[in-house]
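Please put together the full structure from these sequences, using the hints given.
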Amino acid sequence: MEIRRAVALIIYLFITGSVVYFATSNLRVNTEIKRQYTRVLEMKELLLNVAFFIITISIITIVFSLLVKKEKTHMISAMLLVILIYLSFYSLYSLCEITGYTEYSIPLFLTNTILWLIVIVLRGHEIIQYVHEVLLVNTGTLTGIMMTTVIPERLLIMLLLLLSIYDVVSVRVGLIKLLMDKTLSKVHEEHLERRAIRTLDLRDPISLATAYIGLANIGIGDIICYTIMMAMYGISFGGRFSILALIIIIIGSIVLYYLMRKYELKYAPGLPIPIILSLAVYVFLKFYYP
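No gaps in the numbering here: position 185 of the sequence shown is 185 in the working numbering, and each next residue is one more.
There's no promise every hint is true.
As the list claims (entries may be wrong) - Calculated cross-link-like contacts (lysine-lysine; reagent style PhoX-like; alpha-carbon spacing at most 20 Å):
#1 LYS182 / LYS69
#2 LYS72 / LYS182
#3 LYS177 / LYS70
#4 LYS69 / LYS177
#5 LYS266 / LYS177
#6 LYS266 / LYS182
#7 LYS72 / LYS177
#8 LYS286 / LYS34
#9 LYS70 / LYS182
What the hints assert, rightly or not - Pair ranges (Cβ atoms, derived):
#10 ARG39 / GLU264: 42 to 48 Å
#11 MET260 / ILE83: 25 to 31 Å
#12 VAL283 / ILE83: 30 to 36 Å
#13 LEU108 / LYS44: 38 to 44 Å
Just so you know, the hints here were simulated from the structure itself, not pulled from any lab data. All figures in this text were calculated on a predicted structure; none of them were measured in a lab. Beta carbons: idealized from backbone N, C-alpha and C, even for Gly.
Okay, here's the thing in structure tokens:
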């Protein structure tokens, strides 16, 4: 691993760990958030939410797959860019409101705006790749925390398991495989294999929605799900346990990386191993911290 990539990895982990620890330490004492998180859904409500989630994901997958097949990946990139920018601001606003630090919202919004303008205007420079990755990690982290504050625990567990299954199917035979096969040129693949520094291409949905986290590329969806898992630990057991979740996720990611190297895979689903491992420890801890 290159020195600057190693430094970037440390920065990304510091951002994620610090934000989740700070947020969950405040959220754990928030009785309204705690009540919403521990709310037990009736079976009918749970099934309706799961059905809505499956239908939404299916529609998005079908639409994006058709666009890829028609060689209109630039339209996917445009939609992803709008979604990322929206999530970065909305999740930031929500977290300021929830934690009570509304006085910091204006400077944080200005910083966020400047960073996105830099990424869009100066996207051809190598250093912008790092700025984009910081924004991606920050957006995924804040969105994951925000989702954990509004979705009950049991539904979150169901969604994480469903997303892990979807991730496997999508990478093997679905949308992600289609996107990777269509958008990754031979030059791009060689860069990934050599761990070279990439330049951000806003017309490429893979470049736009993934960050190179030390060993491999990780998508915005993976970052959101990892953060949800960390926030679940933090809200249930305390802020320090969110760091434990981060460690477990890193261990799961290292196992995944080892399997990718062993079986010579260019890409693999990033959710199943870290999420299932984290959920197993989470359920075990619930017996001691009910």
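Against the structure, the hints come out as follows:
no. : hint                       : in the structure
1   : LYS182 / LYS69             : 8 Å, holds
2   : LYS72 / LYS182             : 10 Å, holds
3   : LYS177 / LYS70             : 15 Å, holds
4   : LYS69 / LYS177             : 12 Å, holds
5   : LYS266 / LYS177            : 11 Å, holds
6   : LYS266 / LYS182            : 14 Å, holds
7   : LYS72 / LYS177             : 16 Å, holds
8   : LYS286 / LYS34             : 15 Å, holds
9   : LYS70 / LYS182             : 11 Å, holds
10  : ARG39 / GLU264: 42 to 48 Å : 46 Å, holds
11  : MET260 / ILE83: 25 to 31 Å : 28 Å, holds
12  : VAL283 / ILE83: 30 to 36 Å : 32 Å, holds
13  : LEU108 / LYS44: 38 to 44 Å : 40 Å, holds
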